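S.K.: Based on the provided sequences and hints, a complete structural model is requested.
Heads up: the sequence lines are chains H and B, in that order.
Every letter in the first sequence is one number past the one before it in the working numbering, and letter 100, counting from 1, is 170.
Every letter in the second sequence is one number past the one before it in the working numbering, and letter 28, counting from 1, is 98.
Simulated from the structure, these hints should not be mistaken for laboratory data.
As the structure is a computational prediction, the values presented were derived from the model and not from experiment.
If a hint is listed, it holds; no wrong ones were tucked in.
The list makes no distinction among identical chains, and a pair is therefore deemed to hold if it is satisfied within one copy or across any two copies.
For lysine to aspartate or glutamate, the following DMTMM-like pairs were computed, each having C-alpha atoms within a straight-line distance of at most 25 Å:
#1 121 x 108
#2 121 x 111
#3 121 x 85
#4 106 x 81
#5 121 x 138
#6 88 x 117
#7 195 x 109
#8 106 x 167
#9 233 x 220
#10 106 x 85
#11 148 x 80
#12 230 x 162
#13 148 x 198
#14 121 x 109
#15 88 x 108
#16 106 x 138
#17 88 x 109
#18 230 x 210
#19 192 x 108
#20 106 x 145
#21 106 x 117
#22 121 x 81
#23 173 x 205
#24 121 x 110
#25 88 x 111
#26 195 x 108
#27 106 x 137
#28 106 x 220
#29 276 x 250
#30 106 x 159
Protein chains: 2
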Amino acid sequence: MLNFYSIYLEDAVNEIAKLPGIGRRTALRLALFVAKNEEEEVVRLSEALLKLKTHLTTCQHCFNLSDDINCHICDNPKRDKNTVCVVQDIRDVMAIENTNQYKGVYHVLGGVISPIDGIGPKQLKLAELFQRIEEEDIKELILALPATVEGDTTNFYIHKNVKEKVPVITLLSRGVGVGEELEYTDEITLGRSLLTRIEFERTYGKVED
Amino acid sequence: MLNFYSIYLEDAVNEIAKLPGIGRRTALRLALFVAKNEEEEVVRLSEALLKLKTHLTTCQHCFNLSDDINCHICDNPKRDKNTVCVVQDIRDVMAIENTNQYKGVYHVLGGVISPIDGIGPKQLKLAELFQRIEEEDIKELILALPATVEGDTTNFYIHKNVKEKVPVITLLSRGVGVGEELEYTDEITLGRSLLTRIEFERTYGKVED
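M.R.: This is the structure we're talking about:
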């Protein structure tokens, strides 16, 4: 246990150390940086945190993060509202958006079914997803959940509930990562990647003679 | 480059990512935690950072961190004012205090001489140290600077300037760490540790027959 002999330093270290993944030594390093930093900078950090908490909300439609009632994706008339990509977390929305490959909309579950962590369907935005499926004209549901047991469980649960109502349900393809060496790919991924092999031209496009 | 689509989230990530050792992905993780956290907690963090900046100062005597003009160590009548331990940084004060082995006072240089980083004697609290030596009755100066080339340079610089004025100048002993296996000790440390070997009874105390 570290002794600080400064109530201000001790308070700041205690508060910073509550952040996830920040231990007390890192908290001390950050607090000392803050103590030595320009006052203007510290005010900016402090206010940014408060504003983030008070202003940021979630989209009432897809549960993505939003500064408004609806997020910029739901509000964008150019997005394809008939395609809905189901993800675990808002960070996955960011990751997919950054690929620039997706023009549909999202539904953020807020997690995956995980009995061991006490997370059942009711803790997730699944009722809201099923309601969207009743009310909207969804032609394709893309299940982009993690490739884990919990992700699989959630995939099956969703599929069972909506398979009669959505024309196409797809999954992200699983396989050898682009740029990855086969010898470093785990055997389950490699095996599955072999079973779900796809035609040459679907990967490389039509090759002229 | 991540897209956020929320000015509040983007601002918070930008500010958090200015902290040392915090990249943009970690900043995002922390910002999302803050966004989901209780408002009361966020207010407490935000205020602790501001108060730390506005209230924490450095001791005018030894340059340790302090909530007051003089730090709790300089102010403590039980501390031995004739023994001064010279350290690089306030974190070293904390580390030494936590050993509960030291009853003297400190002098925090704020760094070590490092021409490659543009740090010369004038950037450090060396003039203040030499003035303390002129004005106070210092009987022992302990040089507890890092065991690096820069630490050695600073040790030599201080020694040259004060050797006529301080009766005893000592260094932290260097050697095999307590609990460390010899085979994992680097050869320079091990070699030096052999050259500076000390008498059995200085380590273990007097052993009765």
